[in-house]
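Visitor: Using the sequences and the hints given, assemble the complete structure.
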Amino acid sequence: ETGVTQSPTHLIKTRGQQVTLRCSSQSGHNTVSWYQQALGQGPQFIFQYYREEENGRGNFPPRFSGLQFPNYSSELNVNALELDDSALYLCASSRLQGYEQYFGPGTRLTVT
Amino acid sequence: SQQGEEDPQALSIQEGENATMNCSYKTSINNLQWYRQNSGRGLVHLILIRSNEREKHSGRLRVTLDTSKKSSSLLITASRAADTASYFCATVVSGGSYIPTFGRGTSLIVHP
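Each protein sequence line maps, in turn, to chains A and B.
Count the first sequence with our numbering and you get residues 1 to 112, in order.
Count the second sequence with our numbering and you get residues 1 to 112, in order.
Rather than coming from a laboratory, the hints here were simulated on the basis of the structure.
Bear in mind the structure is a predicted one, so any value in this text is a computation, not a measurement.
Note that the Cβ used here is the ideal one computed from N, Cα and C, for glycine as well.
Treat the hints with caution; some may be incorrect.
[To be verified] Ranges of calculated distance between the beta carbons of each label pair, as one might list FRET restraints:
#1 Ser27(A) <-> Ser58(B): 16 to 26 Å
#2 Gln18(A) <-> Arg41(B): 18 to 28 Å
#3 Leu39(A) <-> Lys26(B): 19 to 29 Å
#4 Glu15(B) <-> Ala38(A): 25 to 35 Å
#5 Ala82(B) <-> Ala38(A): 18 to 28 Å
#6 Asn59(A) <-> Arg50(B): 20 to 30 Å
#7 Pro62(A) <-> Asn52(B): 35 to 45 Å
[What the hints assert, rightly or not] Counterexamples of contact, computed for chain B against chain A with all Cβ distances above 10 Å:
#8 Thr20
#9 Arg54
#10 Ile99
#11 Ile109
Guide: Written out as C-alpha cells, the structure is:
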C-alpha cells in the first residue's frame with residue numbers, strides 16, 4: 001500500500017499571495033480531510049471530501065477551498081494569504097468516515 | 001472549541017517507566033482515537049476505541065474509555081526513548097458528520 005503523500009514539503013509565500021497544496025490519498029481511501037496545525041497546537045479541521053463532494057467544513061473562511069479528484073487525490077487552495085496562515089497543513093485519508101485516518105507528512109507553509 | 005482536551009500538557013519520565021495521558025470530552029461520542037506525532041510531522045494512528053468498548057490493547061499501549069465520565073486514558077508501559085512524541089486524542093461525536101476533532105495534545109519526553 002502506498003501511504004499518503006503531500007507536496008511540497010515546505011513553502012514560503014508572501015502575504016496576499018495564493019497557494020495550492022497537494023495530497024495523494026492512500027490507495028482504496030475515498031475520504032480525505034485537511035487540517036491546519038499551528039505550532040504547539042492540535043490539528044484544526046479545515047474540511048473533508050468524500051467521493052469528490054465536500055461533506056464537512058470547520059471554522060475557516062471561504063478563502064480556504066479544496067478539491068478532490070476522481071483518483072481521490074486532493075488540493076487545498078488558500079487565497080489572499082495572511083501571516084496567521086503560517087502553519088503545518090496536514091492531509092489525512094480514511095477508508096471509512098469517522099474511523100482511523102492516515103496522515104501525510106504535512107506541508108510547512110510560512111507566510112511573510 | 002476543541003472537543004477533546006488532553007492532560008497533562010507535558011510529561012517527562014525515565015525510560016522503563018509507564019506514561020499515562022488523559023483525554024476529556026464534552027459530548028457523546030461514536031468513537032475516540034489516539035494518535036502520535038513526532039517532531040511536527042504527520043500523525044500516526046495508534047488505537048480506536050468505540051463508545052461501547054471499555055478497554056483496548058495494542059502492544060505496550062492500553063486505552064480505556066469511561067463514557068459516564070466522558071474521559072479516556074492512554075497508558076504506555078515500559079516506555080522507551082523512541083516514545084518521545086506528542087500524543088493527541090480525537091473524538092468523533094455521535095450523530096455528527098464523522099469528523100475527528102483533535103485536542104491540543106500531551107507532549108511526552110522519555111529520557112534514556
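Visitor: Name the hints, by number, that the structure is in violation of.
Guide: 10
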